[in-house]
Each structure stands twice: as structure tokens, then as C-alpha cells.
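Based on the sequences and whatever the hints tell you, model everything.
Protein chains in written order, with my numbering: chain A, 88 to 342; chain B, 2 to 223.
Since the hints were derived computationally from the structure, they do not count as laboratory data. Backbone N, C-alpha and C fix where the C-beta goes; we use that ideal spot for every residue, glycine too. Do not take every clue at face value.
Here are the simulated distance ranges between beta carbons [claimed, not checked]:
hint, chain 1, residue 1, chain 2, residue 2, range
1, A, Phe267, B, Gln49, 45 to 53 Å
2, A, Arg256, B, Arg195, 19 to 27 Å
3, A, Arg252, B, Asp76, 30 to 38 Å
4, A, Arg120, B, Asp76, 26 to 34 Å
5, B, Asp76, A, Ile142, 46 to 54 Å
6, A, Val321, B, Ser139, 27 to 35 Å
7, A, Arg263, B, Arg195, 29 to 37 Å
8, B, Gly72, A, Gly191, 16 to 24 Å
9, A, Arg252, B, Pro88, 22 to 30 Å
In silico SDA-like cross-links for lysine to any residue, where the CA-CA straight-line distance does not exceed 25 Å [unchecked claim]:
hint, chain 1, residue 1, chain 2, residue 2
10, B, Lys146, B, Glu170
11, A, Lys197, B, Gly70
12, A, Lys197, B, Leu65
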Amino acid sequence: MLSDILNAAGGPVEVAGVVIFLFATYRALTIGRVLVRGVYRDRAFWTAGTLIALILLTAAGSLPPSNPLSPLSFVLIFVVLFAFVDSSIRVVQETDFFHRTPLGWQRVRKPFYVVLVAFLAVGGSLALLESANNVLYIVGVLLWFGAGGTFLTYSAAAMVVGARRTPDRTMRRFVRMLGFAIICMVLFFTVWIPFAPFSLTVQDFGSLISELFIPAAAYFLYLAVMSLSPVGRVEKDVVSTSRASGSAVVSPDRP
Amino acid sequence: MVSTGVPSLDNLLGTDGYSDRSAILVVGPQGIGKEALGYWFVRSGLIQGDYCLYATHRPVSDVLRDMKGVGIPGDRIPDWIASSGSPTRLDLRDSTAISFNIKDAAHRNKGRRVRIATDVLSPLLVLNPLESMYGYWSQLLSDLKQQDSVLFALAEDGMHPPNVLTTMEQLFDGVIEMRLYEEGLSITPLFRVRKMLGLPPLHGYFRFSVSSTGMEVTAHVK
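Here you go:
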């Protein structure tokens, strides 16, 4: 009985997470559309791309591992995450008045892209095609997660180093919110583990607790998106006046 | 009057541009398009035969690429004081040299109208105490106004505590704020003219768009 209730509660939690993800994606796209400088626009669009990839990854979680879409979603998330961090580092470099390159990023970014895509392609193919062969499977998975993990860790370190150099407070907030989102994602993947040895009800409770971190991660990503550029609210009862024509445009809030 | 370089903005201000011998400050977050307003201001001066100087902490190549991106052809370019790619190098650690070089360039063109656009206000405010920067900019603007010149400065609003920009705004004759605004589900880029020399308070929001074909400003209808 309790187990059924816990299972039923998991659904709305996941739906809430996906709704927040979708709204954050929409916000990132609308902010990106109106930014003028390419480097800032790219970051907004890659943020949207990352959110879309996370939604796909969540959806692919219900697929069996033998389905080609399942490993493909992992390849996609690695590449999109890398491009997203790369675009953020370029913004960090732009907002640093001395335009310093964090951890030699300008030199390594292009080789990293090539090597990352190659390793993911080879590792993914081995893991998918040779799942019957244990050794090749392990080599494939190691290539896959090893390359992805190494490059993402290096790029995340470069982003944090750069963010510490920039005086831009919105950029720092962006990185901080991103950090919270990543922590929530890690908790989502790990919190259920201590509950695993216990009874089914306790396991379901653990699953529910871990699922609560999905909307939390989505919310922090939403806050990160809203830090792409400060967004104000139009004051009510304001008349927009053109001096030349003397015409006035009155907001609808005014009778 | 000195044209803003954006006909629809000149029209909205109703004065055909900024006042003579004035200093204009544009405040806004990164990437919103403040620079575009500066580029069109410089471009307009180059067409009219004014002496134009662009003082920037960025490399010249970066600024030229940006200019191209907002539809400004590269047939006419201003004089530069930049971090690289210019005969006179700009070093943010040497604020005295920056001020000297700007004033020197203006002085050498005394017989002409001078337009100066710069993005060094925010870096200098971050790297130096507010008190010294207040005096520094006060002196620089006062010296430039001795001759026929207009200074156009950009400030990043995410980089300073609010009191810093409020203090600096007092030194400028015109202050324009550019920002993204949330209206229901949409995000709209708008600007406000917070003050402008020679104009009564200009209330309300104005919508702007920047594209490769130019910049357009219209009264904002909600």
C-alpha cells in the first residue's frame, strides 16, 4: 500500500521536473534570440541545447540498454555539455577585462572537440556492438566515460578559474547556480543507493527522495538561465513619450 | 547637436541627437547591444567628417568584427586606442596614460568636432577606488568639454554595486539604460532615457532591435 503511494508520487515529481526544464529551455531560447553579441548569444543557445539534451536523457532512461537511442543520448549529452561549457568559458574570457585564457583553453578547445567526438564514437560503438564480448564492452565504456569525464572535468575547472577572474556578478551567479544543478543531478543518481539493501518500500522511498532532486536541478538550471542576462520588469503606469511627435503610448495598465 | 547615428533615436529624442559638448553614458548588461549604439555614433561622425576615436580594452580586430556584425561597413574606421592592433596601446593598469592619450588625440584635432566612444569606464571602476575614479572622470570630461567634443561611454551594470554607477551617472549629461525586460512569457530588449541634457524627463520604455541591417528604436507599446 505504502509502496504504491510512493510509486504514484514519483510521477508528478518527474512531470514537475520536465515542466521546469521545458520552461527554462524556452527562456534560454528567448534570451538568446534578443542578445546582440555572438558570444553571449551562443552561450544562451547552448544552455538551451543542454536542457533539451537533459530532457532527452531523462526520456531515454526508460529505454532498454540495447536500444541504439539509449547510448546515443549519452553521446549527445557529453558533446552538448562540452559545447555548453566551452561557450561559457568564452563568455568568461570576454568578461575578464584582461581577456586571459583560463587553463590555456583557447589552445586546447579545438583538439578537445575532435578527440572527444572520436573517443565517444569509438567507445560507444564498441560498447553497443560488442555487448556480448565482455572485454571489448569494458574497453568501450572506459573510452566513453574516460574521455567524456576527463574533458568535462578539465573544461569545468577552466570555467571555474575564469569565473573567479571576472568581475561580472551575473556570470558568477550563473556558474554558482550551475554548480547547484550539477550537485542535484549527482544526488539524483546516488541518493537511492543506501536504500537499495532494504525492503521494497524503503527502496521506493529512496527512489522518491532521489527523484525529488530532478525538479530541484531543473529549478537551479532555470535560475542559471535567468542569470544569462539580468531581466527586469516593466514598471506599470508608464507613458512612453516621443519628443518629436509629442505622441504618447500608454500602457494598458492605465485606464 | 550631434547625431546619435540612429535616425529613429534622433527622432525620438526630438533634438536630432546628443547635445554639443556633452558626455553620454550607456548602462546595461553584457551582450545587450550597448556597443552597437556606440558604433553607430562613431559611424555617423565619420560620415560627417568629424574626428572619431574609439578607446577600448578589446583588440581592434574584435571591435571591427562586432561592427561588421551590426551592419557597419568597414570602409570608414575611427582612430584607435586599443589593447592590441592600434598604434597607441591601451593598458588598463595605466589610467593616467589612457586619459592623456584621449585628451591628446582630441587636442590634436581642435579645429574639428570630436567624437570619442569608450568602453574603459567599467574596467577602470573595477580596478580603482571609486573616489579616485570620480575625480579622474570628472577631470577628463571637463577637459574634453573645453573643445567641441562629445564623449560616449559604456558601463556594465552587472559589474558594480548600484551606488558606484549612481555616483558616476552624476558626471554625465545623458544616461541611457538598456536591459531585457520580462513581460508575461516574452523577453523584450528595452531602453530608457534616464536623463538627457536639453530635454525634459523622457518617461517610458523604448524598444530597440539590432541586426546586420542596422539599429531601430521605437516607442514601446505593451
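Which of the listed hints are broken here? Hint 8 is the one this structure does not satisfy, whereas the remaining hints hold.
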